[in-house]
Amino acid sequence: MTQRVSRRRLGLTYRAREALGGYSFVLIWIAGFLIFTLVPLGQTLYYSLNQVTVSATGINLRFVEWNNYTRALFTDPTFTSLLIEYAIETLVSVPIIVIFSLIIALFLNLKLKFKGIFRTIFFLPVVITSGPVIQELVAQGATSVPGLTLPESVTSFIADLPVYLRNPIDYLLTSFILILWFSGVQILIFLSGLQKIDSSTYEAASIDGASAWEAFWKITLPSLSGTTILVAVYTIITLSHFSENKVIKYIYGQTYAVGGGIGYASAMSFLYFFVLILLLGIVYFLLTYRAKGQYG
Amino acid sequence: MRISIPLNRIRPELTSSQNRVRWEKLRSFLFGSRTSYGLVTNVLLYMVLIAIGFVYLYPLLFMFVTSLKSPTDLLNPMVQWIPSEVYAGNYEKAFRVLNYPQTLASSLLISVVPSLIQAVVASVVGYGLARYRFPGKNLILILLLATFIIPAQNTVIPQMLTYRRYGLLGSIYSLILPAVGGQGFRSAIFILIFYQTFQSLPKVLEEAARLDGASDLTIFLRIAVPAAVPAYIISIIFSTVWYWNETYLTVIFLEGGIQSLPMQLSKFVQAYENLYPPGTVNIFDRLNEAVKLSGTFLNILPLLIIYFVLQKWFVESVERSGVTGQ
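Top to bottom, those sequences are chains A and B.
Heads up: the first sequence runs through residues 1 to 296, numbered per this note's numbering.
Heads up: the second sequence runs through residues 297 to 622, numbered per this note's numbering.
For the record, the hints were derived by calculation from the structure and aren't laboratory data.
Fair warning: there could be bad hints in the mix.
[Said to hold, decoys possible] To give a feel for the contact side, a few chain A residues facing chain B, derived at Cβ under 10 Å:
(1) Gly22
(2) Val26
(3) Pro40
(4) Leu45
(5) Phe100
(6) Leu110
(7) Gln135
(8) Glu136
(9) Phe242
(10) Val258
(11) Ile262
(12) Phe270
[As the list claims (entries may be wrong)] Simulated crosslink set (PhoX-like; lysine-lysine; CA at most 25 Å straight-line):
(13) B:Lys389 - B:Lys563
(14) B:Lys608 - A:Lys115
(15) B:Lys608 - A:Lys196
(16) A:Lys111 - B:Lys321
(17) A:Lys113 - B:Lys321
(18) B:Lys563 - A:Lys249
(19) A:Lys246 - B:Lys563
(20) B:Lys608 - A:Lys111
(21) A:Lys218 - A:Lys196
Note that the Cβ used here is the ideal one computed from N, Cα and C, for glycine as well.
Isolated chain A, as found in the complex (with noise of 0.2 Å):
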């Protein structure tokens, strides 16, 4: 009673009180995102405009504008083009696992027996996966699909293409279970969006006389649109930032090699993080466009 009191006199409405309380439980993840984001998101940005060196006493900064940038852009052949391939195996991946996990994810939202033990396997390289496990795994040829030897005129054909062509196909065929293995939790959440679904509306569907593959096409798909979008951004983003990725090692390589620097690592981690920006900005229009035409 006493602190209500005291909290009147005070002059606080009910609204700036509670305005108080919130700012009080998120005052430390504020708190947090300027030590350990802002402010190093900004000293890395300032970095990548100047010649970094690191000695014994401190940092030395030699102001040197874009000259970071335009040698990651235009005198670098390595990370043009690991920056390339990474675009396309991304590009490639994100639609292999959105639909696999999706395959996997209506397979298990049947009615059927020992769900759970499929469910088990499907979610368990989530929990395995780390880098050094996957670069064993993939040193002792355990990623491809086992048994699988293409005819040689398939073989060939494939060592004619252009290299950026040929680069995305031999990746899918050399870690195809791999990309398999980024959909763990992707299934959970198309199966968690399967589950939302009004089971009312699929029997409206059959009493009209949809058949199960209208009743998909027409029904499940687009209420799964918002999920879909959710699951691509979601493996876009895990796959940038999981550590086998191969600008990610280069720029890591970088950053202490002697001809590198922390200046040119930061300028490529820029360059690096508009990449994923502008993956993610594709795919989420492509998805949102298709839905757009379609349904709204």
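Once you've looked at the hints, dock chain B against the given chain A.
Just chain B now, kept in the frame of chain A:
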């Protein structure tokens, strides 16, 4: 699916109505009806699922089988899937190379401690976002998503330099401090999980407690936290697993100090050659893929155990926590 063979041609002694009934029964047994899938459909479904499941588990099976092969089995092209003997020598070597007891302990330390802190902070922030209206809330939610998107390498170098200045590089504080500020590894996901959880809880109890004069903190600790226990469990196990598997941040922040299992695995060849210098050991003790894969298996073994013990929490979590609500 409807196959129309006139049955009276096959068994002419039956009348046509009997025929139809029997045929309908057979058809629904094989191909399903409105209420069940039928034998053929079921068999097909299971076959597809088992096939995909096999492809999915293939790398793991390959790893496990290879890790049990003796050097002679490895060279023998006849031995594919079933080793001629169960050979534990690879595991003995990998155990020593990985320095298993010590790296296991530090892996546990660097994954459990930050995730506990992360869960606590995420719940506080998530509660604030879910239960209070204040100006700038939407901005915070947008920035929260931004922290999820921004790649680690865009923020990691200045942090690393700062830690170095204060002598925190190589110690667990370099992982704990960001977690305290809600900027740990994938913190945004956990904050959103708590945000969703607290939003879906009924507000009535909290309002009643407020009328009784409980302070905001008491309401949070006494009412909100007990109701969100599942979200805590999910957050802690998920972030433990993710911290365990994370190598980009740990290599930058911990190298030279704490040595985790995945970090040691990525240096496996080097570490092996330190223990068993090439040229001084006989041919059976050379580094081969079976030893490497034993190391990999030892690396994921604790995670597998956690997974199978807490399996229910993992797979039901995404539905339960309602991450997909947005």
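When the hints from earlier in the document are held up against this structure, which numbers fail?
-> The structure conflicts with hint 10 only, although it agrees with all the remaining ones.
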